[in-house]
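Same order as they appear, the protein sequences are chains U, D, A and F. Position one of the first sequence corresponds to residue 73 (the numbering used here), numbered consecutively onward. Position one of the second sequence corresponds to residue 73 (the numbering used here), numbered consecutively onward. Position one of the third sequence corresponds to residue 21 (the numbering used here), numbered consecutively onward. Position one of the fourth sequence corresponds to residue 21 (the numbering used here), numbered consecutively onward.
Keep in mind the hints are simulated off the structure, nothing from the lab. Keep in mind that a hint or two might mislead.
[To be verified] Using 25 angstroms as the maximum straight-line C-alpha spacing, the simulated SDA-like pairs for lysine to any residue come out as follows: (1) D/Lys85 <-> D/Thr206; (2) F/Lys31 <-> U/Val213; (3) F/Lys71 <-> U/Glu86; (4) U/Lys137 <-> F/Gln58; (5) U/Lys98 <-> D/Asn103; (6) U/Lys185 <-> D/His179; (7) A/Lys45 <-> A/Pro98; (8) D/Lys85 <-> D/His179; (9) F/Lys31 <-> U/Lys185; (10) F/Lys31 <-> U/Lys98; (11) F/Lys36 <-> U/Lys185; (12) U/Lys98 <-> U/Thr117.
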Amino acid sequence: MRSATESKVRIQKEDFSVTDEIEFMKKSSRNIGGITVFLGTGRETSKGEKIADLNFEHYPQMAEKKLAEIREKGIADFGLIDMSIVHRIGHIDIGDNIVLIITCGEHRQETFKACEWAISELKRTTPIWKRETTTKGEVWVQATP
Amino acid sequence: MRSATESKVRIQKEDFSVTDEIEFMKKSSRNIGGITVFLGTGRETSKGEKIADLNFEHYPQMAEKKLAEIREKGIADFGLIDMSIVHRIGHIDIGDNIVLIITCGEHRQETFKACEWAISELKRTTPIWKRETTTKGEVWVQATP
Amino acid sequence: MITVKYFANLKQIAGKDEERFDLGKETTLDQVWEAISQTLPQIATLIKEKKIMVAVNYDVVSLDAVVHDGDEIALLPPFSGGS
Amino acid sequence: MITVKYFANLKQIAGKDEERFDLGKETTLDQVWEAISQTLPQIATLIKEKKIMVAVNYDVVSLDAVVHDGDEIALLPPFSGGS
């Protein structure tokens with residue numbers, strides 16, 4: 073498991089600990105009052121088809137750059153104290169963690185808005201692709217907004 | 073630490089593990105694709121005053137009843153797979169966890185909406201009171217929307 | 021007997037967690053406030069100024085509700101849970 | 021030399037991760053597509069149908085961008101990260 077202390081935007085094969093990632097973010101400030109977390113996980117079915125295998129691939133360097141841009145813009149535009157983003161690549165089991173976004177603020181309102189914006193922005197701008205293998209075969213999934 | 077497996081709405085003195093609470097919720101279904109978490113934590117300052125002590129008190133039975141109502145209504149109204157709510161009482165240190173709300177759905181949109189609704193609803197309907205001790209003395213905090 | 025419970029700052033004002041009143045089989049909240057005002061006029065004033073919500077048996081009720089022998093009445097200052 | 025990178029289904033179509041072209045000091049993306057279409061007409065078609073985004077040195081650019089010797093061009097099918 074790669075450590076939460078390495079970087080606030082990461083793409084990695086290893087799983088992450090939500091508790092550790094949150095505790096690391098808490099160190100940013102003693103004035104955090106609200107933390108919103110989005111955790112994307114592997115679902116068993118996709119459009120009615122049972123998933124046999126789930127895999128993520130990314131464009132190294134560009135993907136990390138886009139996550140860093142989302143983090144900086146999110147902190148500035150929503151007045152956050154801090155934000156972190158971790159996305160896993162490679163094989164994912166059903167129920168496993170895929171993506172984690174943590175937004176920290178003095179109050180909760182901005183953390184909800186920023187967290188929802190950040191996951192939409194990640195889907196829109198970050199070069200990561202999902203490959204699903206179902207009974208119908210293997211497909212590279214098209215973006216779902 | 074009281075265990076995540078005890079109940080999906082709890083009021084307790086002990087801290088909780090966000091990871092354990094999430095993993096417990098994941099057991100509800102193999103079709104969870106999005107999980108939103110709100111975590112409220114103890115801030116160092118309140119209205120510019122430094123906080124020396126933070127304490128929560130609740131009305132037993134009624135508070136648990138209200139949390140159960142929020143959980144049931146949230147699952148039904150937002151079409152969630154599951155929801156859990158844990159609130160701590162007693163003394164809270166700066167940076168410590170106070171409240172945790174987890175909303176699980178097939179997709180992320182409903183989990184964000186439900187989580188934000190649930191924390192507002194908790195503040196509005198659940199008999200829990202915060203007592204802050206600052207340099208100006210001890211105050212029972214009035215609700216902040 | 022009905023039980024009246026005090027919370028947060030009301031507990032400090034009342035100097036106690038709860039008290040009991042014998043007001044017969046059925047009565048109104050107004051009569052409960054009347055009974056409270058005998059010893060705790062400050063709390064009766066807060067109720068009249070609507071700075072307190074009232075729950076009977078764990079649900080919030082309107083101030084003209086009827087209460088029965090055995091009910092638990094709670095005087096609830098504005099909530100501040102949730103961070 | 022410029023480097024062209026293929027991802028996801030494009031990698032499968034191309035049968036490779038990347039290839040290199042020598043197109044001088046400065047050229048246009050149109051000339052890059054022309055070079056790709058020599059061996060991978062399928063991919064050139066996807067580009068013309070705007071089913072692919074293009075990044076130069078890790079930022080998305082418009083399809084009439086100018087590219088320079090040493091640039092890294094990436095052909096990006098629609099993203100699907102984030103769960």
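For each hint, the structure was consulted:
For the proposed pair D/Lys85 and D/Thr206, the alpha carbon gap of about 22 angstroms is at most 25 angstroms, so the pair holds. Distance check on the hinted pair: F/Lys31 and U/Val213 sit about 14 angstroms apart at the alpha-carbon level, within 25 angstroms; holds. Simply put, F/Lys71 and U/Glu86 have alpha-carbon atoms about 32 angstroms apart, too far for the 25 angstroms limit, and the pair is violated. With a C-alpha separation of about 32 angstroms, the suggested pairing of U/Lys137 with F/Gln58 is violated against the 25 angstroms cut-off.
Distance hint between U/Lys98 and D/Asn103 is unfulfilled; the C-alpha atoms sit about 31 angstroms from each other, more than 25 angstroms. Distance hint between U/Lys185 and D/His179 is fulfilled; the C-alpha atoms sit about 17 angstroms from each other, no more than 25 angstroms. Distance hint between A/Lys45 and A/Pro98 is unfulfilled; the C-alpha atoms sit about 30 angstroms from each other, more than 25 angstroms. Among the hinted pairs, D/Lys85 with D/His179 is inconsistent with the structure: their alpha-carbon atoms are about 33 angstroms apart, more than 25 angstroms.
Taking the CA atoms of F/Lys31 and U/Lys185, the gap is about 36 angstroms. The hint is violated against a cut of 25 angstroms. For the suggested pair F/Lys31 and U/Lys98, the alpha carbons sit about 41 angstroms apart, so the restraint of at most 25 angstroms is broken. Our distance criterion of 25 angstroms between C-alpha atoms is broken by F/Lys36 and U/Lys185, whose separation comes to about 41 angstroms. In summary, the hint linking U/Lys98 to U/Thr117 is not supported, as the alpha carbons are separated by about 35 angstroms, beyond the 25 angstroms threshold.
The structure does not agree with the numbered hints 3, 4, 5, 7, 8, 9, 10, 11, 12 stated previously, though it agrees with the rest.
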